[in-house]
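Dock chain B against chain A, hints included.
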Amino acid sequence: MNGEPQGVTSAEPIATRSAAPMWIIVATLVLLFLGGYYFDRHSGWFDARVYAPYANAENLEAFQPKSGAAAALARGKNVYNGVCGICHGPDGLGKPGQAPALAGSELVNCKGISRLIHIPLAGLSGPITVAGKDWNLNMAAMGAALPDEDLAAVLTYIRSSWGNTASPVTGDDVKKTRGQIGANPQPMSGPQTMSQPE
Amino acid sequence: MKTGISVFVATLVALGASWCGFVLLPLLQFGGAKQTVVLQSTDTWPVQRTGAATLGLQAYRANGCVACHTEQVRQTGVACELTLTSLGVQKPADFKDFTRSLFVLPELAAYTNALTASLNGWNGGLPQTLLTSADKDLIAEMADRLKAVGVKSETRIVSTGADVARGWGPRQSVAVDYLYDQPVQLGSLRAGPDLANIGVRSPDANWQLQHLYAPKSVVANSTMPSFKFLFEVRKIVAAPSSDALNLPKEFAAADGFEVVPTPEAKQLVAYLLSLKANMPLYEAPFTPVTAAK
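Those protein sequence lines, which keep their order, are chains A and B. Going by our numbering, the first residue of the first sequence is number 141, and it counts up by one from there. Going by our numbering, the first residue of the second sequence is number 5, and it counts up by one from there.
Just chain B, with the same shape it has in the complex:
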C-alpha cells in the first residue's frame, strides 16, 4: 500500500481534531468548575450528596431512568416583574388613574393592554403584580416613576419558558449543577416529567417509594412501569416492619404479607430527593418567591 502513511496521517488528524473539539476544549472550558455561591447568600452550591444518594445515582443509572426522564430545565427567556408593595398615601383608584396617565409614554405603548388587564382585576390588595416585561430598563423607569409619587414597588427577576411554566424549576439548569454527578444523567427523552427538581416537588420519601412500587397508586394515569423488583414482599412474622409501604387496598400485598423496600430502592429515593436545582446562581439569576415575603 503506497499511500499507507498518508491514510494514517489523515486519520490521525481527523480523529485528533474531533477529540480536541469534543473532549479537550470542553475540558478546558468547564474542567475547572468548582462549587459556587448561591446568589445573595453565603451558601455554597451544589451540595455534596450523602452516601446513600451517591449510591442511588448508580441505581438510577442501572434501572435506566435516564431513558424516560431528563434532569435539565430549559429556559427560553428572562423577565422582570414589577410588584406593588405599598401605595403610601395613595388610594387604589388614584393609583389606577395615575398609571393610566402614563399610557401616553411611547415606551409603554406595547404594554398598555397588559397594564390595563392587571389594573382592572385589582381590588387594592397588596402585593400586586403590575407589569412583567423582558425590558429591564422599562421596568426600572416604571419603578422610578412610582417611587416619585410615593408608591413602593419591588422588581423580581423571573425565568420564562415552558419548563418553568410547568413548575419543573424556577431557573434553567447550568453546568455547575452536575458537579457531583458521576456520570451525569442528563437524558434526552421526556416520556416522564423532568426530575431536576423532584426533591423539591415531591419531598416525601414514602410517596417516592410508593410511586416506584406502584406508580398508578399515586398518579392515576401514570405510564411509568412498576419497579416491583426493588421491593421485597415478605410474610409478616411478629410485627409489621416500620419500613413497610402503606399501600391502598388494590395494590397491597396479600393478607399477612408486607411490601418492604430493598436498600437499592431506599438509595434511589435518597438520590431523587437530593435532586434540587432551585437556588439562584450568578449564571442563572432569579428572585426567589419565599424570601421575598
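The following block holds chain A by itself, in its conformation from the complex:
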C-alpha cells in the first residue's frame, strides 16, 4: 500500500458514442456495389438461351446433335456454298457461260460414284452434254484440296438436293478414287468424261 501514490486512482474505461471509421463504410459500400453489379451482369446466373427441360448450359450443350446424316448434309451445304455454289449456283441450277446445272444432271444423278468423284479431284475441260444442253468450259480441280470427308459431304449434298435422289458418298469412296488417280492428275477431257464408266 505504501508504494502507491495517495489520492490517484486509474480511470475506469467507459464506452462513448463515436462514428465508425469512414474507410470501413466506403469499403462496404464499394463491395456491395461490385457484388450487385456482378449479380446483375450475370442476371443471377439466368441464361436467356436455356429453357426447361434443359437444366443449364452444359446440359443443353450435351443435347446438340453432332453427327448423323443431317450433320453430313449440313456440312456438305456449307462446303458447297463456299466452293461450288459460286459457279454452280446456290440452287444447283448452274449459270450460263460459267457452269452447268447440277440439279437433274446425269453426271451427278447416276448410280456409280467414281466418275463423279473424279471430276472435282482432277478438273474437267472440254465439251460435255448435261441434261440435253451442250457446254464447253473449263473446271479447275476444285475438290483436290478438300479433305476426303468434306468432299464426300458436298457430293452427298448435291446428290440429294434440288430433286436429285442418288445414294450418299462416303469419305472412304473419295479416298479410294483419290488413290486411283494419283497425286497430280490431268484434267479430264469432255469426251473422256462422257465415255468413262460411272
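Among the clues, some could well be false.
Unchecked claim - When the alpha-carbon atoms are kept at most 25 Å apart in a straight line, the in silico DMTMM-like pairs for lysine to aspartate or glutamate are as follows:
#1 A:206 / B:145
#2 B:140 / A:198
#3 B:156 / A:289
#4 A:206 / B:141
#5 B:38 / A:187
#6 A:206 / B:139
Unchecked claim - If you anchor each label on the Cβ, the simulated ranges turn out as follows:
#7 B:129 / A:185: 23 to 33 Å
#8 A:251 / B:102: 24 to 34 Å
#9 A:334 / B:206: 19 to 29 Å
#10 A:311 / B:128: 25 to 35 Å
Note that these hints are calculated values from the structure, not bench results. Think of the CB as a built atom: it goes at the ideal place given N, C-alpha and C, for glycine as much as any other residue.
Frame of chain A; chain B shown alone:
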C-alpha cells in the same frame, strides 16, 4: 396530410421495383435478341415476314384470334432415339440375340421391356428405332456397343411432351421465334389448336381461306366461328374471279354469285402461312426427320 411525403416515396418505390422486375430486367435479358442461326446450317432464323404477312398480324390481332389460339409449343422433356441404319454382316436374328445378351447390364435394367418390345415387332427392316431414352450417356454407350459388333446406328434428338405428340411442332417455342412479332400474340387459351406451326401443318392458302369463310366445310366438328365478314359475296358479272372460293354446295353462295376474299383475309392467311417454328435452334435442339433420310 402529414405523411404525404412518406406515402409518395413508398408508392414510388413499390411501382419502381415492379417496373424494374417486369420491364427493365426482361429488357436487359432479352432486349438484345437478334437473328440466330439454324442448327447445322447457315440459314438465319427467324425469317423476316413479307408485307402482306406483317399486315396479317394486325388482322390476326383485330379479329381476336389470340382469344382462342396460342402460338407457343410446350415441351416437357428431351430424349435420344437410337435408330439402326445398317446391320453390317449381322443377320436380324443374331442381332436380336446380341441385344438380349446386353440385358444383364445393370444400366439397361429399366429398358429391357422397351427393348424387347421394339425387337419383337421387328422383321429386319431398316431403319428401325431401337430405344428411346432421356439418358444420353446410355444411348451413347449403346451406340458404341453396336459399333463394336459392326452395326451402324444413328442417334436422333427428339422433343417430348403433349404438344409435340399432337403434331403441333417438333420443338418448343423460344423467345427468338417472336423477334418480328409486334405485338407478340402468345395467347393463353386453347379453344382451338396451337398455331405456332400452322404454316407447316396446313400450307395450302385456299384451304386456309375456305376454313376462315366456313370452318365446318373443312373440319366437320370445328367450333370456330365463321369469319364471313372478311369475304365479299358478289354477283358474277362476266367471268368468275380467279380468287373465288371453291366451296362445297351447302356452303356456296347462291347461283350467279361468288365468294371472294377481301385483302384483309388474304393478309391474315399470309400471316398464318408465315407461322413456322420447325427449325432446330441451339436453344431448342432436335434432329429433323426429313434431313436424316
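Verification of the hints:
Between residue 206 of chain A and residue 145 of chain B the alpha-carbon distance is near 16 Å, which keeps this suggested pair within the 25 Å criterion. Between residue 140 of chain B and residue 198 of chain A the CA atoms are separated by roughly 13 Å; this keeps the pair inside 25 Å, and the hint holds. As the CA atoms of residue 156 of chain B and residue 289 of chain A are separated by approximately 18 Å, the hinted pair is consistent with the 25 Å bound. Note on residue 206 of chain A and residue 141 of chain B: the hinted pairing holds, with a Cα-Cα distance of about 14 Å set against a maximum of 25 Å.
Straight-line distance between C-alpha atoms of residue 38 of chain B and residue 187 of chain A comes to about 15 Å, which keeps the hinted pair within the 25 Å bound. The hinted pair formed by residue 206 of chain A and residue 139 of chain B meets the criterion: a straight-line CA distance of about 16 Å does not exceed 25 Å. As the Cβ distance of residue 129 of chain B to residue 185 of chain A is approximately 48 Å, the hint placing it in 23 to 33 Å is violated. Between residue 251 of chain A and residue 102 of chain B, the C-beta spacing of about 33 Å keeps the proposed range 24 to 34 Å intact.
A C-beta distance of roughly 46 Å is found between residue 334 of chain A and residue 206 of chain B, which places it outside the suggested range of 19 to 29 Å. Roughly 28 Å separates the CB atoms of residue 311 of chain A and residue 128 of chain B, a value that falls within the hinted 25 to 35 Å.
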